[in-house]
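There are 4 protein chains.
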Amino acid sequence: MTTLNLGMVGAGRIGQVHAANLAARVPGARLVAIADIAFEAAQRLAGQYNIPHAYDNPEAILDDPAIDAVIVASATDTHPAIIEGAAAAGKHIFCEKPIARSLAEIDGALAAVDKAGVKLQIGFNRRFDANFARVRRAIVDGEIGQPHLLHIISRDPGPPPLSYIRVSGGIFLDMTIHDFDMARFLLGSEVVEVYTSGAVLVDPAIGEAGDIDTALVLLTFANGALGVIDNSRRAVYGYDQRVEVLGSGGAIQTENKYPNAAVISTGDHIRRDLPLHFFLERYADSFALELAQFVEAVVHDRPTPVTGEDGRIPVVMALAAAKSLHEKRPVRLDEIAPA
Amino acid sequence: MTTLNLGMVGAGRIGQVHAANLAARVPGARLVAIADIAFEAAQRLAGQYNIPHAYDNPEAILDDPAIDAVIVASATDTHPAIIEGAAAAGKHIFCEKPIARSLAEIDGALAAVDKAGVKLQIGFNRRFDANFARVRRAIVDGEIGQPHLLHIISRDPGPPPLSYIRVSGGIFLDMTIHDFDMARFLLGSEVVEVYTSGAVLVDPAIGEAGDIDTALVLLTFANGALGVIDNSRRAVYGYDQRVEVLGSGGAIQTENKYPNAAVISTGDHIRRDLPLHFFLERYADSFALELAQFVEAVVHDRPTPVTGEDGRIPVVMALAAAKSLHEKRPVRLDEIAPA
Amino acid sequence: MTTLNLGMVGAGRIGQVHAANLAARVPGARLVAIADIAFEAAQRLAGQYNIPHAYDNPEAILDDPAIDAVIVASATDTHPAIIEGAAAAGKHIFCEKPIARSLAEIDGALAAVDKAGVKLQIGFNRRFDANFARVRRAIVDGEIGQPHLLHIISRDPGPPPLSYIRVSGGIFLDMTIHDFDMARFLLGSEVVEVYTSGAVLVDPAIGEAGDIDTALVLLTFANGALGVIDNSRRAVYGYDQRVEVLGSGGAIQTENKYPNAAVISTGDHIRRDLPLHFFLERYADSFALELAQFVEAVVHDRPTPVTGEDGRIPVVMALAAAKSLHEKRPVRLDEIAPA
Amino acid sequence: MTTLNLGMVGAGRIGQVHAANLAARVPGARLVAIADIAFEAAQRLAGQYNIPHAYDNPEAILDDPAIDAVIVASATDTHPAIIEGAAAAGKHIFCEKPIARSLAEIDGALAAVDKAGVKLQIGFNRRFDANFARVRRAIVDGEIGQPHLLHIISRDPGPPPLSYIRVSGGIFLDMTIHDFDMARFLLGSEVVEVYTSGAVLVDPAIGEAGDIDTALVLLTFANGALGVIDNSRRAVYGYDQRVEVLGSGGAIQTENKYPNAAVISTGDHIRRDLPLHFFLERYADSFALELAQFVEAVVHDRPTPVTGEDGRIPVVMALAAAKSLHEKRPVRLDEIAPA
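Protein chains in written order, with the numbering used here: chain A, 1 to 339; chain S, 340 to 678; chain X, 679 to 1017; chain H, 1018 to 1356.
Treat the hints with caution; some may be incorrect.
Said to hold, decoys possible - Short, incomplete list of chain X residues facing chain S, as computed with Cβ under 10 Å:
#	residue
1	913
2	915
3	943
4	944
5	946
6	949
7	952
As the list claims (entries may be wrong) - Below are the DSS-like pairs computed for lysine-lysine, each with C-alpha atoms no more than 27 Å apart in a straight line:
#	chain 1	residue 1	chain 2	residue 2
8	S	667	A	328
9	A	257	S	596
10	A	257	H	1274
11	H	1345	X	1006
To be verified - Not everything, but these chain A residues come out facing chain H in the computed CB check (under 7 Å):
#	residue
12	236
13	237
14	265
15	267
16	269
17	270
18	271
19	272
Hint data in this document are derived by calculation from the structure and do not stem from the laboratory.
Fair warning: this is a prediction, and the values are worked out from it, not measured in the lab.
The beta-carbon is built from N, C-alpha and C at its ideal position, and this holds for glycine as well.
Bound conformation, chain A alone:
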């Protein structure tokens, strides 16, 4: 297999990111088909990146024997069926997070993948960000000793539309899920218990929609470490994505990414420009890297760097966090999904 032939389901915002990266930054792979129920979107993307085939249904991709692997970039509720279809067709799968919003669906999809023996990678792209990857490496390499305390700051520049919030499954499944993955990834240890403190401080309408917009989630890790995730739906200065780990031998912390490193001094203050605005800019490189590693894993028959189980556990954590918020008590993950 010299070049991997990929088909993608979903020509929306994240599908466009993947298409651009496949055109230029992912060696050894070729995007040969794009499907979207909004057929015009599929056609437009096909035209833009010289993708040979555009379809209005995912089956056309699943049915094409020339396609080696499928990228699932469609709406979350379509993920399980496409995963199962792709697995049945013997195709490797790259699926955006979350796999699904219910554990039953996730377990069904993962069982299908297991049975088919195909590879599955979940789109937790932030693991591939240079800053967070550096933190992980520091911990793996022992640069800071045994981890004791973890901070994850994860704030959006502004809340999504209320229409989206209503169907998103809540802040924990929609936003914190990336941070739940990051917590496990960085520390290399599972979370056993969460305690959530939440509030509606950004926009009362979010509260009326049944969600919160501000949260602190305490994490207790199997290795004894403690952690806290800080989420806000709005940081007026822009996308705020930092982590910090205190270990027995040192600490590591990361800064945001900025469009430039210029510092301006005036008679009023010393200032710099705001950080990169949102995830498309901030994580541009990580989207390319995750696909490149997926392709490498398939081509060289190696495990993918973000497995199905890696996609499942953050959903368990999100459910536990929501339960903790509502019941005002710490919740063990094995209450949600017995180990």
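Using the hints, position chains S, X and H against chain A.
Relative to the frame of chain A, chains S, X and H by itself:
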């Protein structure tokens, strides 16, 4: 009253700091007497800073009509009696934190102060640190809008001796108490509930002594804001004292203080020297400022910047934090001390 | 003209950078032919990026009527002939710096371009770097008032091979030339006089080869501002590329670019990783941007952002800097090339 | 000699700084007399710091056998006579910079000191600043190898009154002199040649007064290193005092000092407060340290850390810099003062 005559009880480490500051950095005041049951320590300090009188008992100070105000820098268990004696003698009082380790003692001491109508200031010196004062000012001036999320990082370079830990009243009364004060001070709002997650990660002997050495304490404020305090008894890189506040209109964060601002680039990395080692170096200026403001408050008959109530509430918070840790549930402050 | 057809002469290091960028990051253009006297290099590049034609001589490109524009990425001594050939063939030209090493050759090439009326852009890619572009914007927008003092720090991680140094034309034509361009670009004013102080401190062999490896070049601008360029052939911590401008209303300075923004604190020091190693990493984005703007300028018939005159003047500055070094006196640019 | 008795001539701005430091931060010394031809200023200072004697003439101090050492903080033109008088009286001397404005006067004063065998320290306080001392230590300890390139940025927040500029001896004797000392101090090597580029960009009236307000001074060191001093009479963001050294094994650079380390993020930018405003704030600690080391040198009969020769050479450099500016050519120091 042109110059305020001060007597100090306690010639230990913090007493020496106060004596040095009074000699040079606190205008309008003169330290005229020092008492310590370790008489030699009192004599030594008197010799070093030209303090006219040295005693081996606090009563000698309380009985001297020429003394306007008393600095209480002796062991915590002696505080209530000295406060009550000073109040009875009509002397103003500057007392190190905590006032006492039990609410009953604190309430007794504060009642005596109230009855006597003397001024009382508690030694929460960190409020006078340039960084934290700047954060407070940003919030008061509306530079970051309404506060939503607070982080306090407060880590010591190393744990105190086990002998001290055993009598300290626990990490919350000994170490976190400064952070409890800081939380109230910065946000200008009371904490109504705490939830504590704690661990013994630094030294098992601390656990055997009945204490913890690593903690995350979640705070819920009356104004709706959320906060988290991060405590560790050991950060190998030194004293780590930072805060960060996200507000509706912006955010403010502070860095540690360093002995110099030099950055060295070598073939291995870009580096700088470690932060100032511990509280005597880091908070040197704040110790001088708190005394200067105490003297000003007394001389100009104004309220002190850190009142008796400011000394009492962090103790309530510490007791609530300990209760939360032991009962693994959020604890409201009014469970400890009905409002 | 919907898509611009480009031919490139030179399949070496910089040619490879351009080929990769044209494959992915330069909308509206297609690289249709590559020529190199090392024919295998041309073939390899053609294979890697699906370039339809590979040749062993530049004439094949100049003779192809389907080619709209030529990228000149071959050895400096071949530039004038290729520019003149391309101009005669009515093709637009993107040429790497320097245009040539003698003013006579440069003037000949520029005259040919003028006569043919084709567009010419010189590869001073650093103008497109986010940091330096931000400095230029600050000056244009008046963020720092009138410029008074300019510092350019420009240090390589290590010297090139001696064999290269011997034919490079010297440090001013090879290395400082980028800084000469940057000085004019940032301040928007011409340099009228230079004074050079130079030394051999990095490697005596460089001195034996007739060159220097360390230099400070003072600049006097037509608008009265003063500037200094700091060059070293070796900074052991890596590629050091910073500028700083003091103006009447403020100052702006830029930092290097780093692979990540992680900061590690240990018991020894606070540290971060070294900056991006050399120009291919540091200026990766600027190489893509300069080509994109060249393509835009041609397609929309607008002036190119780096003109032939922009390519000529830094050579005049380099010759003046060398003369100043040898004669130990300030040298006006009009001594080299009468205005 | 348990406590050193000091007399000070000059109760102006810098005299007040010394008096405050002697009251609190210089162990082992006592300021017993203050003289100023403005007698009221002397009296005021005496009252403020409990200085036993105030005089309206320096002779009263020189004549007092109980005084061990004299601090010369009066106007520059009075320095030589007071130094000579103090030396004749066998008193050690701490003298503000510059010793005098002419080499003849300086040489006379230094000869008197030599003959008397008393100790002399010159007030180049910046050597004692934590940042610059750290740079010196890095070089002495070999942290950055052999120095190759030095940058000194030294900018005032605003120009002094024109009346002062007219009598100051010019920017090189008044302002750059500190940087000339810093250059020698940091590199531990003498400057052999200077080349000056200067301009009037801040205020035309400074030019009309015969001075410049903006300068770049190139330095060539005996050890082969090159350096540049950047001076401006006005940086609107405040006092800018930084140095940077590139060495064969690394580099070191220093930042300014700030009143706090708080960083504020808003919807407009990331900002911090301006640096400490001017030299009294920025160098507060260094003024105390220089006196403490002077006292130690006298008490323990050790060489002072800033000798008479250290006071003389920067004047030679200033004269050479002025000559270079006027003659538009590099000037060797041995043209001014044969070695």
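Now for the hints, and whether the structure bears them out:
no., hint, in the structure
1, 913, "holds, 8 Å"
2, 915, "holds, 4 Å"
3, 943, "holds, 4 Å"
4, 944, "holds, 6 Å"
5, 946, "holds, 8 Å"
6, 949, "holds, 4 Å"
7, 952, "holds, 6 Å"
8, S/667 / A/328, "holds, 11 Å"
9, A/257 / S/596, "holds, 24 Å"
10, A/257 / H/1274, "holds, 25 Å"
11, H/1345 / X/1006, "holds, 11 Å"
12, 236, "holds, 4 Å"
13, 237, "holds, 4 Å"
14, 265, "holds, 4 Å"
15, 267, "holds, 4 Å"
16, 269, "holds, 4 Å"
17, 270, "holds, 5 Å"
18, 271, "holds, 4 Å"
19, 272, "holds, 5 Å"
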